[in-house]
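Participant: The primary structure of each chain is shown beneath.
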Amino acid sequence: MMEIIEKKQLKLKLTSSPHIHSDLSSKKAMLYVIIALLPCVISSLVFFGARQFLIILTSIFFTASAEFTVRKIRKQESTLSDGSAFLTGLLLALILPPDFSLSSTAIGAVVSIVIGKEVFGGLGCNIFNPALVGRAFLQAAFPVPMTTWVKTEFPVDAFSGATPLSAYKFDKVITDIFPMFLGNTGGSLGETSAIAIIAGGIFLVFMKIVNWRIPFSIITGSLVFSGIFYLMGKTPDPIFHILAGGLLFGSFFMATDWVTSPLTAKGIWIYGFGIAFLVIVIRVFGGLPEGVMYSILLMNAFVPLINKFTVPLIFGGKDE
Amino acid sequence: MNFFKNIRTFNGGIHPPEEKQITKDLPLETMPDPEMIVLPTVQHIGRPAKIIAEKGKIVAAGEVIAEADGYISSPVLSSVCGKVEKIGMNSTVSGFQKECIFISKSDNGEIRKYDPINPEYASLDEIRTRIKIAGIVGQGGAAFPTFVKLSPPATKKIEYLIINGCECEPYLTRDYRLMLERPADIIAGLKISMKASGAETGIIGIEENKQDAINILSKLVENENRIFVESVKTKYPQGAEKMLIKAVTGREVPPGKLPVEVGAVIQNVGTAVEVYEAVVKGNPPLYTWLTVSGKGIKNPKNLKVKIGTPLEQVINFCGGLTQDAVKIIAGGPMMGVGQYELSAPVMKATSGIIVLTESEIHSHQETNCLRCGKCIQVCPMNLLPTRLAKLSQLGRIEEAESLGINSCMECGSCVYGCPANIPLVQWIRIGKKSLLKLNQQKKTV
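Here the protein sequences line up with chains A and B, keeping their order. Just so it is clear: in the first sequence, position 25 is 52 by this note's numbering, and no numbers are missing. Just so it is clear: in the second sequence, position 79 is 1023 by this note's numbering, and no numbers are missing.
Don't read these hints as lab results, they were simulated from the structure. Since the structure is predicted, the reported quantities are computational estimates derived from the model, not experimental observations. There may be inaccurate statements among the hints.
As the list claims (entries may be wrong) - Straight-line C-alpha distance at most 30 Å; calculated DSSO-like pairs for lysine-lysine:
no.	chain 1	residue 1	chain 2	residue 2
1	B	1201	A	293
2	B	1201	A	335
3	A	38	B	1139
4	B	1376	A	335
5	B	1248	B	1139
6	A	293	B	1177
7	A	196	A	261
8	B	1334	A	102
9	B	1334	A	99
10	B	1225	B	1201
11	A	335	B	1334
Whole structure, please, built from the sequences with the hints as guidance.
Facilitator: Written as structure tokens, this is what we have:
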């Protein structure tokens, strides 16, 4: 708020209206997302072992230190208190494979913040989702460790060291729905347990941190597009596609990043269905088993364009 | 369960804490007249009134002390009997210094009444003239002269006369109290206004959270076939002119146009009561109704006070400020004006005095825009507040104009929910001012 005068005797604040504000702040929003990610953190520890916590800690430590250092070097005010660096660190860790090397995690974390966010000017200025930038960098730099999946440690069903998507892509093995729903399959730390993701995701939608249109459009879009290819006999059923890989995690936690998603409702529909289309096309026709990361990054790039063409019609029609 | 019922409303809007429970059960109380009344010559939209009272002269209550200057203007009546002590500048609740007439109260004196008019037999002009000379202005906040609203240009036809009982601003309960305490007078005022404007249909729009007001008024219009009570969704800014018209008629007022463009006129419940009083009873409007509320005031009240009573007196009458009071606002907390000079008087269209404490304001630090799009979702005018604010900040005023900056009604919904706490509407206001200047320059060149 713009404070103009503070009267000494009365200690009154004088600002122009509105005089009240909701209690939502950037910091609080980041905190809500971190809370929403806790079920995913727990599922990663349960299914892949407690030592995965080291990956999470390393990632958060290096994103926070990278932001602090860059800001210091560029003589800018520290923005650590807004919590976004911690969130980026947590998000990055949750999309890395289990038992991933800690030094590589640190590199990915630094890239996320420096290349993904700070070079653009910091929070609110970046084009691409920082955590995905970090992951894309690691995927290019360390392709083998990035696609090496350890077995889940969960005693019920020790599954082979592959993700449901790679198992299908390379061996035509279709994983059962139930373990995919619960989370005891191969995959990145936070992406395997559908139930944990949905729990956190619903919390965010309920708290109005996440625009419900984003997960809704990605999920329904994926159902439709994979349904088409399923009917053509090219791919497993749509439910498999929704539960497999990073689709749920991406649609609730990655594509919903405020900064890198469109502003208007109309724009969001284009963005969401665009992501869904790309994911399914990559999964069905691409060389890679998974395509959520690249789909979101690609659609991130289109967001400025989408915003430009989805300016809503002013109430009462057009001027003149 | 009205989950499946289609509730009338508009797109966007916000749900700030209502805080109406503080004063909603307190009946309107008449405050004793203060010793000195201060009457600004500008209490309405339009040209300032021309002062005709002279210093030292004795005036009666209801006597015209400043005349309307031109068509869109409104006379100022003395609200007490007394002596004109001074004519000079004083702070007003609009935040500006304006020319004011100071009148000291005397204990005996007359009230200048009008001849009662029977609206059944009165002519259109008779009613309009009465509303004009009584200086009645819209009580909803903008203070547009009421007779102008009721006199549509020859090319336009008014179909709907809409009484605004939404009171969507948090804290305020005076419209609610008026609806409970004077429902028959509101309907009488509505009928007179319908006659004066030629409207065939009268609608009273009330937010759902005021169910008892809806019940009382619905009961009274049961046997009327041209007057309806509509309950509309409780949402800020439901009481904004264009939003209420959209909710009850489905029509959208085009940008830059007045409601008459779609055949509608909106009147506040308080205005309807004043119209009734002036026409039927012959009483000049000497009072306004106020909600004095907020955690910063010791004894919150709903009041009937003389127009021209200094804020300080009203606040003292309500027990004074608490220790932690930080903001005094004339009007509601969303669109009201912050006050710093308590000698400013209550004006014709002042609807409340709200005193807030830090705990009600929720001020926090401003950060970069996070492009969350919340401001766009809530904007009732479908604008892009974040873009407009940025363009205004960068001085790219013409771009802002093409994105409809002038359609902004400054309701403040965008700022309320902004997680980055960017003063969006404040920047838009600056942008609108610059645009005005730019267009004036263009004209002169």
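Participant: Next step is simple, just say for each hint if it's right about the structure.
Facilitator: Evaluation of the provided hints:
A distance of roughly 27 Å separates the Cα atoms of residue 1201 of chain B and residue 293 of chain A; the hinted pair therefore holds under the 30 Å criterion. Distance hint between residue 1201 of chain B and residue 335 of chain A is fulfilled; the C-alpha atoms sit about 27 Å from each other, no more than 30 Å. The suggested pairing of residue 38 of chain A with residue 1139 of chain B is violated, with an alpha-carbon distance near 50 Å, which exceeds 30 Å. Pair hint residue 1376 of chain B plus residue 335 of chain A holds up; C-alpha atoms about 22 Å apart against a cutoff of 30 Å.
In summary, the hint linking residue 1248 of chain B to residue 1139 of chain B is supported, as the alpha carbons are separated by about 28 Å, within the 30 Å threshold. Note on residue 293 of chain A and residue 1177 of chain B: the hinted pairing holds, with a Cα-Cα distance of about 24 Å set against a maximum of 30 Å. Of the pairs offered as hints, the one joining residue 196 of chain A and residue 261 of chain A holds, with about 11 Å between alpha carbons and a cut-off of 30 Å not exceeded. Taking the CA atoms of residue 1334 of chain B and residue 102 of chain A, the gap is about 24 Å. The hint holds against a cut of 30 Å.
About 27 Å separates the Cα atoms of residue 1334 of chain B and residue 99 of chain A, which keeps this hinted pair within 30 Å; it holds. Distance restraint check for residue 1225 of chain B and residue 1201 of chain B: the Cα-Cα separation of roughly 34 Å exceeds the 30 Å cut-off, and the hinted pair is therefore not satisfied. Taking the CA atoms of residue 335 of chain A and residue 1334 of chain B, the gap is about 15 Å. The hint holds against a cut of 30 Å.
Hint compliance for this structure: hints 3 and 10 are broken, all remaining hints hold.
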